[in-house]
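So the sequence shown is numbered by numbering that gives the first Met the number 0: it starts at 0 and just counts up by one.
Please note: incorrect hints may appear among the correct ones.
[Claimed, not checked] Straight-line C-alpha distance at most 20 Å; calculated SDA-like pairs for lysine to any residue:
id, residue 1, residue 2
1, K77, G154
2, K119, N142
3, K77, H88
4, K124, E139
5, K179, S51
6, K179, G78
7, K119, E102
8, K119, E20
9, K105, A149
10, K25, D13
11, K179, V114
12, K131, Y120
13, K34, D18
14, K179, I52
15, K119, D79
16, K105, S51
17, K105, D13
18, K119, F29
19, K124, R112
20, K177, L99
21, K131, W116
22, K131, G143
23, K105, F170
24, K77, R112
25, K179, P81
26, K105, I147
27, K25, K179
28, K119, L99
29, K131, R160
30, K177, S51
31, K119, V181
32, K177, F24
33, K119, P153
34, K25, D133
Just so you know, these hints were derived from the structure itself, not from any lab. Quantities reported herein were computed from a predicted structural model and do not represent experimental measurements.
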Amino acid sequence: MSENYSKSIRIENDEKAFDAEEWEFKSHQFISSAKFLAQSFDDRADTLDFDSIMFLPTAEFLLSFSIELICKAYYLAKGDGPREAIYGHDVVSLFQSSELTSEQTKLLEHTARYVIWAGKYPTPKWTKEKFKKDSDVPSEIVNGIERINALDMPGTSSRPRVDEMFELYSFIHDLWSKAKGVPSSA
Numbered sequence: 000m001s002e003n004y005s006k007s008i009r010i011e012n013d014e015k016a017f018d019a020e021e022w023e024f025k026s027h028q029f030i031s032s033a034k035f036l037a038q039s040f041d042d043r044a045d046t047l048d049f050d051s052i053m054f055l056p057t058a059e060f061l062l063s064f065s066i067e068l069i070c071k072a073y074y075l076a077k078g079d080g081p082r083e084a085i086y087g088h089d090v091v092s093l094f095q096s097s098e099l100t101s102e103q104t105k106l107l108e109h110t111a112r113y114v115i116w117a118g119k120y121p122t123p124k125w126t127k128e129k130f131k132k133d134s135d136v137p138s139e140i141v142n143g144i145e146r147i148n149a150l151d152m153p154g155t156s157s158r159p160r161v162d163e164m165f166e167l168y169s170f171i172h173d174l175w176s177k178a179k180g181v182p183s184s185a
């Protein structure tokens, strides 16, 4: 490290890097904002304009990011593997297979995709076929018309799914609380 850079910042971040409570604290920042946006969406449900409609996908993005962070906090709190495993978006791999239901796993996969690209960009990287597959949606042809479930589209939002995501966050936060030995307050 060069002498022209802050030693105190380096030391502070060395202490925070793998501190489960720091990761939980950061997750709280994003879930608080997601709750505010979801409530703002609900408050305007009868008279939604374009700006109000945009509260929901933004809430879903912030909630997805919050879920990613609380998953990492939980992983660090339980201390089951290499700490460096938190540096990626595959949060499903941070859990034992028995810790999550198949529905929770599917929702975690959705949140990871939302954090990586669907909440921020119109498509995943469009440079290779493997990236294009990330936006593939199951479909069927009925009477010559292609039919898809809108909820299968990676960049869509839904108020019921946001509620499911809040429940998932609370569930993982409870796991974190138990691993840390602190009362849950999500």
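Within 20 Å, alpha carbon to alpha carbon, are K131 and G143? violated (25 Å)
20 Å Cα cutoff - pair K119, F29: At roughly 15 Å apart (the allowed maximum being 20 Å), F29 and K119 satisfy the hint.
Take the C-alpha atoms of K34 and D18, compute the straight-line distance between them, and say whether it is at most 20 Å. violated (25 Å)
Holds or violated: K179 and V114, Cα atoms, limit 20 Å. Distance ~26 Å between K179 and V114 Cα, so the pair is violated.
Holds or violated: K131 and W116, Cα atoms, limit 20 Å. holds (12 Å)
Does P81 lie within 20 Å of K179 when you go C-alpha to C-alpha? Distance ~18 Å between K179 and P81 Cα, so the pair holds.
Holds or violated: are the alpha carbons of K177 and F24 at most 20 Å from each other? Given pair K177, F24 holds - Cα atoms ~16 Å apart, limit 20 Å.
Between K25 and K179, is the straight-line Cα distance small enough, at 20 Å or below? holds (16 Å)
Does A149 lie within 20 Å of K105 when you go C-alpha to C-alpha? holds (16 Å)
Assess, step by step, whether the Cα of K131 is no farther than 20 Å from the Cα of R160, and give holds or violated. Between K131 and R160 the Cα gap is close to 24 Å, so the pair fails against 20 Å, i.e. violated.
CA of K25 to CA of D13, is that 20 Å or under? Within the cut-off at roughly 16 Å; holds.
Does the structure keep K119 and P153 at a Cα separation of 20 Å or less? holds (11 Å)
Checked against the numbered hints given earlier, the structure breaks hints 1, 2, 4, 5, 7, 8, 11, 13, 14, 15, 16, 17, 22, 24, 28, 29, 30, 31, 34 and satisfies all the rest.
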